[in-house]
Amino acid sequence: MINISLDDGLKLSFEKLPHTIRLIVSKNDEEWVCRKEKLKKLFSFLELDQEPLFKGRLQLFKSDGKIKIKNEFISTISTETFQQALNKLK
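Read left to right, the sequence shown gives residues 86 to 175 (the working numbering).
Keep in mind the hints are simulated off the structure, nothing from the lab.
The structure displayed is predicted, hence computed values, not measured ones.
Hints may be right or wrong, so weigh each one.
Okay, the calculated beta carbon distance ranges per label pair [claimed, not checked]:
#, residue 1, residue 2, range
1, L133, N113, 13 to 23 Å
2, S163, S129, 17 to 27 Å
3, P137, S98, 11 to 21 Å
4, L95, Q168, 12 to 22 Å
5, G141, K101, 15 to 25 Å
6, K140, T164, 18 to 28 Å
7, P103, D149, 27 to 37 Å
8, F146, L124, 27 to 37 Å
9, D134, N113, 15 to 25 Å
Glycine included, every Cβ here is placed at the ideal spot set by N, Cα and C.
Can you make the complete structure from the sequences, with help from the hints?
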């Protein structure tokens, strides 16, 4: 599992499953929201200017080299940090 520390004690984790990646936002090691997605779709999100990734409680928006993680508003990380985490999951 790969973890990225966010603001206010939050953490974005990437868990590799057999056919998908599970993105988890947790606070104090308690899961808050999660979403499963194929690694290929996550890389496509980085490469293309497109609509937000995911609908529902966990959403990712990309602009100006940053990714906004939203459930209301959670945090922002750089696209480079996001891509480095995905590269480790290949």
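Hint check results:
1. L133 with N113: 13 to 23 Å: 34 Å, violated
2. S163 with S129: 17 to 27 Å: 18 Å, holds
3. P137 with S98: 11 to 21 Å: At roughly 20 Å between Cβ atoms, S98 and P137 fall inside 11 to 21 Å, so the hint holds.
4. L95 with Q168: 12 to 22 Å: 20 Å, holds
5. G141 with K101: 15 to 25 Å: 22 Å, holds
6. K140 with T164: 18 to 28 Å: 20 Å, holds
7. P103 with D149: 27 to 37 Å: 35 Å Cβ-Cβ, so the 27 to 37 Å window holds.
8. F146 with L124: 27 to 37 Å: 20 Å, violated
9. D134 with N113: 15 to 25 Å: 35 Å, violated
Of the numbered hints given earlier, the model fails hints 1, 8 and 9; all others are met.
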